[in-house]
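Asker: Those sequence lines, one after another, are chains D and L.
The number in this note's numbering is simply the position in the first sequence, starting from 1, with 491 added.
The number in this note's numbering is simply the position in the second sequence, starting from 1, with 491 added.
What the hints contain is simulated information worked out from the structure, not anything from laboratory work.
The structure displayed is predicted, hence computed values, not measured ones.
Built from N, CA and C at the ideal position, the CB exists for glycine as well.
Hints are supplied without guarantee of correctness; some may be wrong.
Some chain L residues close to chain D (C-beta under 7 Å, calculated; not the full set) [what the hints assert, rightly or not]: (1) L537; (2) D538; (3) E541; (4) R545; (5) F567; (6) W568; (7) I639; (8) F699; (9) L786.
The list that follows gives simulated cross-link-like pairs (lysine to any residue, SDA-like), each with its CA atoms no further than 20 Å apart [claimed, not checked]: (10) D:K620 x L:E622; (11) L:K620 x D:P617; (12) L:K770 x D:E641; (13) L:K623 x L:D669; (14) D:K777 x L:T602; (15) L:K623 x D:Y775; (16) L:K623 x D:S619; (17) D:K777 x L:D634; (18) D:K777 x L:T638; (19) L:K777 x D:P617; (20) L:K623 x D:P617; (21) D:K802 x D:Y775; (22) L:K777 x L:E586; (23) L:K620 x D:K777; (24) L:K620 x D:G644.
Now for the letters of each chain:
Protein chains: 2
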Amino acid sequence: MKKELTGCTEQELLELHRSAAETYERYRSMGLHLDMSRGKPSPEQLDLGEDVLRTVCSNEDCISPSGVDCRNYGEFWGLRELRQLFSEILNVPSEMILIGGNSSLTLMYDTLSRAMLSGMAHSERPWSKEEKIRFICPSPGYDRHYTICEALGIEMISVPLTGDGPDMDLVEQIAASDASVKGMWIIPTYSNPTGDIYSEKTLRRLAFMGAKAKDFTIMVDNAYPLHTLDGNFIEPVNFYEMLIEAGHPDRAVFFSSTSKITFAAGGVSCIAMSDANMKIALPYLKAQFICKDKLNQLRHLRLFPDLDAVKERMLLHAALLAPKFRVVDDVLSDHLWGYGIASWNHPKGGYFISLKVLDHTAQHVIRLCKEAGLVLTQAGAGFPYNQDPDDRYIRLAPSFPGIDELKTAAELLSAAVLLAGTEKLISDRRQ
Amino acid sequence: MKKELTGCTEQELLELHRSAAETYERYRSMGLHLDMSRGKPSPEQLDLGEDVLRTVCSNEDCISPSGVDCRNYGEFWGLRELRQLFSEILNVPSEMILIGGNSSLTLMYDTLSRAMLSGMAHSERPWSKEEKIRFICPSPGYDRHYTICEALGIEMISVPLTGDGPDMDLVEQIAASDASVKGMWIIPTYSNPTGDIYSEKTLRRLAFMGAKAKDFTIMVDNAYPLHTLDGNFIEPVNFYEMLIEAGHPDRAVFFSSTSKITFAAGGVSCIAMSDANMKIALPYLKAQFICKDKLNQLRHLRLFPDLDAVKERMLLHAALLAPKFRVVDDVLSDHLWGYGIASWNHPKGGYFISLKVLDHTAQHVIRLCKEAGLVLTQAGAGFPYNQDPDDRYIRLAPSFPGIDELKTAAELLSAAVLLAGTEKLISDRRQ
Chain D
492 MKKELTGCTE QELLELHRSA AETYERYRSM GLHLDMSRGK PSPEQLDLGE DVLRTVCSNE
552 DCISPSGVDC RNYGEFWGLR ELRQLFSEIL NVPSEMILIG GNSSLTLMYD TLSRAMLSGM
612 AHSERPWSKE EKIRFICPSP GYDRHYTICE ALGIEMISVP LTGDGPDMDL VEQIAASDAS
672 VKGMWIIPTY SNPTGDIYSE KTLRRLAFMG AKAKDFTIMV DNAYPLHTLD GNFIEPVNFY
732 EMLIEAGHPD RAVFFSSTSK ITFAAGGVSC IAMSDANMKI ALPYLKAQFI CKDKLNQLRH
792 LRLFPDLDAV KERMLLHAAL LAPKFRVVDD VLSDHLWGYG IASWNHPKGG YFISLKVLDH
852 TAQHVIRLCK EAGLVLTQAG AGFPYNQDPD DRYIRLAPSF PGIDELKTAA ELLSAAVLLA
912 GTEKLISDRR Q
Chain L
492 MKKELTGCTE QELLELHRSA AETYERYRSM GLHLDMSRGK PSPEQLDLGE DVLRTVCSNE
552 DCISPSGVDC RNYGEFWGLR ELRQLFSEIL NVPSEMILIG GNSSLTLMYD TLSRAMLSGM
612 AHSERPWSKE EKIRFICPSP GYDRHYTICE ALGIEMISVP LTGDGPDMDL VEQIAASDAS
672 VKGMWIIPTY SNPTGDIYSE KTLRRLAFMG AKAKDFTIMV DNAYPLHTLD GNFIEPVNFY
732 EMLIEAGHPD RAVFFSSTSK ITFAAGGVSC IAMSDANMKI ALPYLKAQFI CKDKLNQLRH
792 LRLFPDLDAV KERMLLHAAL LAPKFRVVDD VLSDHLWGYG IASWNHPKGG YFISLKVLDH
852 TAQHVIRLCK EAGLVLTQAG AGFPYNQDPD DRYIRLAPSF PGIDELKTAA ELLSAAVLLA
912 GTEKLISDRR Q
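Turn these sequences into a full structure, and let the hints guide you.
Answerer: If you want it as structure tokens, here you go:
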């Protein structure tokens, strides 16, 4: 059992620091090239998708179950059967589903860009005509959500996560008090990077809460609904039904994709919104495209005739991913647990581990790792404007590297955390 | 040799009208279901693309020539080799090329939507902050360009085409006199639907002309650069070089796609713009996507290692399309030529025939055809706001139906043109 560092003498801290520095230098001298920075599927995971590549390989094979020639124009909304599948994944009626291209991020950007140009249901004017637009951002969160806000000039308000969603007292207070707060981002299942699973209670509060902006819009990024690591699937909560019950059917727009089910670069995405929101969006959407890539829709449909087929596939991913998460967790536990200078989550699904280190040391740790050949997500990336106020969160993405690499990476990382932590504590004492 | 109808006696007109009505009724009683409304490739043309489907069918086959795993994230700009190919198609440096998804229309919408949010190079403010934004629209033109303008609130000014591009005196005058005129659409090769091929002189005038709006932007929709019908390829004009020579490097944004080279629904598209314009666009683009579908990029690259391969493919398309255009031309010539109530172009490439009928009869002809089971593009569709001022243009799309169907369709159409034309002339005389 390790001793909490705050209870150590300066001598003990110096000894630990020296030993961590030694370990760190040993790794640094190895000339490593490791990367835990992005949630990229590994080649082995991508290999699972080969059956997607083996379908739709001849002219005869291009006809959808309902008789659509997927090579030609048509089917603006996407293939009926794929809309049905996504409706089960997102828990919304299939008539609400529009199939997109390879990126749900694009659908998110487009949604907010349209809001800027035209507003959402219940908007008094286009958002670009408002003096200020603000969004609630549960943090740490997905950096690319914040990039969209920044590009469109949407001011961001950071709200902490609790494990089952954001601090709802704070969310309710902000939403109720400020009409410029037009919406928020949520990743309801296996949040990036904290692994939060939004509870039914949290979702009910989001559905029912008062919002000063009548057009308050929750961007529901359901990127990981079935992305289990422990083999169990989350009991889905019908958020859309809650919204209807609450009298706020237009409050949410839903997104999902197969980027982490089949191919990061060659999957299919979808968006779902209420009739009132679709009525506003449709003239823009109809101007934007004639149809999406139905051949790729058909490939996915062939592989996934129903939700069970997707779940089966996700268990194969879990079998590849779980040992990777475990090795990182094990190494961090071995080297850091007990010192009281680092904690991390044990996600039940998703793509990330969120590591919390001693305040004001995250940047230092990331720099140390970089100098020794391990690339981590840049400091603050989980926060609006890249500003982690206490400089303590580090996002780890264990999906891409191999087990041995991850072991080395986690050992180096542990040494860096210990090095930066002891240094900080020693310097604090001397002040 | 037929007699010009304006030189006919009323008796002769009545006789012709009776005979046209008889023919028309004969076709109407046949319960036809024919469609010449959209520029859709035929199943036989789509069949040509089978080799695109037969590549990238295994895990080993997903690596690009320069070593990129096309299944995973990465390569924001698209595959290097495909950018090179499009650079030859568009006559712009390959560094300017960004590969898109399956639709160049989406890239066009996105470009103007970004202009609304942020402006273009040399803009004083975002276009949405201007009191009015206007665009020059050479007409008849592509209806979906106008849909984009309508969706974004861009006012349209129609300018006639001459065969080698728009009436440039008029274009120069409008662009020079009005700062709210922020740009124009052009389809420089085989314009939809007139088949115009922009001459070098027209393009030089577009490059060099003065424009009151410093951010005047030409949307160059090069949808049909190699879409020959007669087997000859247009000598490409280097418009971008002209723009640089003219000191207006930021004046144009270029678009193309393989929608009518491989699959209407499953091709790849591209956009090219100057550094100054890209600098403004990039924060939005980076917020919009991580990468596009590189698997589909790779499929296309396998099929088209170079421009010659594309040209070879286009000759196969021409072999399927040319007889279809010929049969429509032949039937129209047989039944209408000489009466002086209809003229049409003989396109060297592209997807359309533009039929010009007696003033104020186009809507009537289209309605007659519809009632007899032949769907044509809706009246006025080639004009801003669907307003063909003289109600005389009908767009014919002969690509999709079979030869026999086209013969029947063109015969019915001829009868309808003659029926509406004689009726109009008779009624004019009686007034």
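Asker: Run every hint past the structure and note whether it holds.
Answerer: Hint by hint, here is what the structure shows:
1. Because the closest C-beta pair between L537 of chain L and chain D is about 4 Å apart, less than 7 Å, the hint holds.
2. Below 7 Å, beta-carbon pairs count as interface contacts, and D538 of chain L has one with chain D at about 5 Å; its hint therefore holds.
3. Because the beta carbon of E541 of chain L sits about 5 Å from the nearest beta carbon in chain D, less than 7 Å, this interface hint is met.
4. A hinted interface residue such as R545 of chain L counts as satisfied when its beta carbon comes closer than 7 Å to some beta carbon of chain D; here the least separation is about 6 Å, so the hint holds.
5. Below 7 Å, beta-carbon pairs count as interface contacts, and F567 of chain L has none with chain D, the closest being about 11 Å; its hint is therefore violated.
6. Using the Cβ-Cβ criterion of 7 Å, the hint placing W568 of chain L at the interface with chain D is not satisfied: the shortest such distance is roughly 13 Å.
7. Interface restraint check: I639 of chain L against chain D, minimum CB-CB distance 5 Å, threshold 7 Å, status holds.
8. Evaluation of the F699 of chain L hint against chain D yields a violated restraint, the C-beta minimum of about 31 Å exceeding 7 Å.
9. At about 4 Å, the closest approach between the beta carbon of L786 of chain L and any beta carbon in chain D falls short of 7 Å, and the interface hint on this residue holds.
10. Straight-line distance between C-alpha atoms of K620 of chain D and E622 of chain L comes to about 13 Å, which keeps the hinted pair within the 20 Å bound.
11. Between the alpha carbons of K620 of chain L and P617 of chain D the distance comes to roughly 12 Å, so the proposed pair stays at or under 20 Å and holds.
12. For a cut-off of 20 Å, the pair hint linking K770 of chain L to E641 of chain D stands: about 16 Å separates their Cα positions.
13. Our distance criterion of 20 Å between C-alpha atoms is met by K623 of chain L and D669 of chain L, whose separation comes to about 11 Å.
14. At most 20 Å may separate the alpha-carbon atoms for a hinted pair to count; K777 of chain D and T602 of chain L meet this at roughly 15 Å.
15. With a C-alpha separation of about 19 Å, the suggested pairing of K623 of chain L with Y775 of chain D holds against the 20 Å cut-off.
16. Restraint check for K623 of chain L and S619 of chain D: satisfied, since their Cα atoms lie roughly 16 Å apart, inside the 20 Å limit.
17. Proximity of K777 of chain D to D634 of chain L is assessed by CA-CA distance (about 12 Å); at most 20 Å being required, the pair is judged to hold.
18. The suggested pairing of K777 of chain D with T638 of chain L holds, with an alpha-carbon distance near 8 Å, which does not exceed 20 Å.
19. A threshold of 20 Å between alpha carbons decides the hint, and for K777 of chain L with P617 of chain D the separation of about 23 Å lies outside it, so the pair is violated.
20. As the CA atoms of K623 of chain L and P617 of chain D are separated by approximately 16 Å, the hinted pair is consistent with the 20 Å bound.
21. In summary, the hint linking K802 of chain D to Y775 of chain D is not supported, as the alpha carbons are separated by about 34 Å, beyond the 20 Å threshold.
22. A threshold of 20 Å between alpha carbons decides the hint, and for K777 of chain L with E586 of chain L the separation of about 17 Å falls inside it, so the pair holds.
23. Among the hinted pairs, K620 of chain L with K777 of chain D is inconsistent with the structure: their alpha-carbon atoms are about 24 Å apart, more than 20 Å.
24. Annotation: proposed proximity of K620 of chain L to G644 of chain D holds, straight-line Cα distance about 15 Å (limit 20 Å).
The structure is inconsistent with the numbered hints 5, 6, 8, 19, 21, 23, although it conforms to all the rest.
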